[in-house]
Every structure is written in C-alpha cells, then in structure tokens.
Amino acid sequence: MITPSHYLILSAVLFAIGIIGVMVRRNIIIILMSIELILNAVNINLVAFSAQLQNAVGQVFALFVICVAAAEAAVGLGIILAFFRNKETINIDEMNLMRW
Amino acid sequence: MAQAIAFYTLSALILGFAVLVITARSSVHSVLFLVVDFLFVAALYVLLGAQFVAIIQVIVYAGGIVVLYLFVVMLVNLKRPPEAHRDKRRLARLGAALAVVVLVEIVAIAFYGYVGPSPVEAAPGALATGNVEQVGMMLYTDYLVPFEVASMLLLVAMVGAIVLTRRNL
Numbered sequence: 531m532i533t534p535s536h537y538l539i540l541s542a543v544l545f546a547i548g549i550i551g552v553m554v555r556r557n558i559i560i561i562l563m564s565i566e567l568i569l570n571a572v573n574i575n576l577v578a579f580s581a582q583l584q585n586a587v588g589q590v591f592a593l594f595v596i597c598v599a600a601a602e603a604a605v606g607l608g609i610i611l612a613f614f615r616n617k618e619t620i621n622i623d624e625m626n627l628m629r630w
Numbered sequence: 158m159a160q161a162i163a164f165y166t167l168s169a170l171i172l173g174f175a176v177l178v179i180t181a182r183s184s185v186h187s188v189l190f191l192v193v194d195f196l197f198v199a200a201l202y203v204l205l206g207a208q209f210v211a212i213i214q215v216i217v218y219a220g221g222i223v224v225l226y227l228f229v230v231m232l233v234n235l236k237r238p239p240e241a242h243r244d245k246r247r248l249a250r251l252g253a254a255l256a257v258v259v260l261v262e263i264v265a266i267a268f269y270g271y272v273g274p275s276p277v278e279a280a281p282g283a284l285a286t287g288n289v290e291q292v293g294m295m296l297y298t299d300y301l302v303p304f305e306v307a308s309m310l311l312l313v314a315m316v317g318a319i320v321l322t323r324r325n326l
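As you go down the protein sequences, you meet chains A and B in turn. For any residue, its number in the working numbering is found by taking its place in the first sequence, counting from 1, and adding 530. For any residue, its number in the working numbering is found by taking its place in the second sequence, counting from 1, and adding 157.
Source of the hints: derived by calculation from the structure; they are not laboratory data. Beta carbons: idealized from backbone N, C-alpha and C, even for Gly. Treat the hints with care, since some could be wrong.
Unchecked claim - The following residues of chain B were derived to be distant from chain A, with all beta-carbon distances above 12 Å: (1) Asp-194; (2) Gly-206; (3) Arg-247; (4) Leu-248; (5) Ala-249; (6) Arg-250; (7) Leu-251; (8) Leu-255; (9) Ala-256; (10) Val-257; (11) Val-258; (12) Val-259; (13) Val-264; (14) Ala-265; (15) Gly-293; (16) Arg-323.
Unchecked claim - A few chain A positions that, by computed beta-carbon distances, are all more than 12 Å from chain B: (17) Glu-618; (18) Asn-626; (19) Met-628; (20) Arg-629.
What the hints assert, rightly or not - What follows is a list of derived Cβ distance ranges for each label pair: (21) A:Met-625 <-> B:Arg-323: 36 to 46 Å; (22) A:Ile-550 <-> B:Tyr-165: 42 to 52 Å; (23) A:Arg-629 <-> B:Ala-159: 21 to 31 Å.
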C-alpha cells in the first residue's frame with residue numbers, strides 16, 4: 531500500500547538531489563536544471579496531497595508552479611545568454627560583475 | 158500491489174535520472190536526462206490520478222522548457238564540434254534501431270487494436286479527483302485572480318526574455 535509518506539519521501543529525495551546540484555555544479559545551466567528538479571519535487575508533493583485529500587486545489591497550484599518555472603527558465607536563460615555574450619563564460623565562479 | 162510496483166519503479170527511475178542530470182559531464186546529456194526525468198514524473202502524476210497536470214507536464218516541461226534549455230546549451234557550449242566523434246555511422250545505426258522499434262510498436266498497437274477486446278469504459282465517478290473538468294472549473298472560478306496573475310507573469314517574462322537577448326544589451 532502506497533501512502534502519502536512514500537510520495538513525501540520521494541519528493542524529499544528529489545529535492546535533496548536538486549539542492550546538491552545547485553551546490554556542487556559550477557555550470558549555471560546545470561544549476562538552473564537542478565532548480566527545475568526542485569520545483570518538480572514540490573509539484574509531486576502538491577499532487578500527492580491533492581490525491582490523498584480528494585481535492586483538486588493541489589493540482590491547480592501545481593499548474594501555477596509549472597507556470598512560474600516556465601517564466602523562470604525563460605528569464606534565467608535570457609540572462610545567461612546576455613552574460614555569455616559579454617564575458618564568454620558560463621562558470622558561476624566567474625560571474626562577479628555585480629560584486630563591489 | 159500493481160500500484161506499489163509502479164510507484165517503486167517510477168521512483169527509482171525518477172531519482173536515478175535526477176542523479177544523472179546533476180552528474181553528467183556534458184550539458185547536452187544533462188538536458189536529455191532531464192527530459193526523461195520529466196516524462197517519468199508525468200507518469201507518476203498519472204498514477205496519482207492527476208491526468209491534466211501530467212499532460213501539462215509533458216507539453217510545457219518536456220516540450221517547451223527543455224527545448225529552451227537545449228537551445229541555450231547549444232548556443233553557449235561550442236567547445237567540441239559535432240563532427241569530432243570518431244564513429245560517424247553510430248548515429249545512423251542508432252536511428253535505424255529506433256525506427257525499427259517505433260515500427261514494431263505501431264504494428265503491435267494496430268494489431269492489438271484490431272483483434273483485441275474493445276477498451277472498457279471507465280465507470281462514472283471512479284476518479285473523484287484529477288479529471289480535467291474539475292481542475293478547469295476550479296481554475297476559472299475560485300482561482301480566477303491567481304490565474305490572471307500567472308498570465309501576466311508569463312507576459313512579463315516573455316517581454317523580459319526578449320529584452321535580455323537583444324544584440325546591443
């Protein structure tokens with residue numbers, strides 16, 4: 531029998547993998563992809579509780595999360611492209627233009 | 158029991174591909190693993206009875222966002238030219254194998270659809286949640302204002318992305 535706890539554990543592990551990706555990798559595109567993994571973990575939580583409580587509100591909020599993820603990807607990748615055009619790098623250690 | 162098997166299989170695949178996403182050496186491989194990961198998450202949504210979110214996951218994530226990532230990876234990652242690979246015919250063989258697999262699958266589906274039993278009609282009210290009608294009704298009545306705010310967010314993000322990628326920034 532699969533309980534909501536199973537889904538919570540899956541979501542937590544996926545979230546942790548995303549956090550590890552954000553912390554460890556230095557390629558900013560991989561970091562953005564890890565953020566997508568984190569948002570997916572949140573969505574799994576929302577949909578699991580929606581199924582458990584027999585209430586579609588969780589799915590509505592999962593759609594909002596997907597919408598925010600799309601906006602984040604578009605703007606983030608635009609920033610990466612603009613940065614790459616100026617500095618020829620996507621290494622996050624070299625992204626210190628705004629440091630004073 | 159079948160649900161448990163499906164859940165554990167999907168969980169193992171989701172977590173395995175997530176690990177591959179963050180450990181892959183090449184960014185292109187990472188993006189492709191991300192597509193597979195999103196597809197398995199969509200399958201998990203179907204298992205949970207959230208068909209609409211699953212479809213949106215496939216269309217928006219696996220279809221839209223990941224293609225965006227792939228474009229950016231191709232634009233910024235030009236260290237190794239594509240013709241540097243040793244075996245030039247490897248892709249041709251892989252493509253042929255994939256084409257054969259798809260052909261077998263289509264034939265199998267056609268055969269099954271022809272001689273197999275007609276699909277069983279789902280009992281009304283079997284799924285109390287997850288149907289498109291319920292989510293859509295909620296989205297356009299109780300959550301109309303957040304819905305409009307989300308559309309404005311997408312508009313702003315679109316304008317922002319266009320402004321950011323202009324030549325003379």
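Hints breached by this structure
1, 2, 15, 16, 17, 21, 22 and 23
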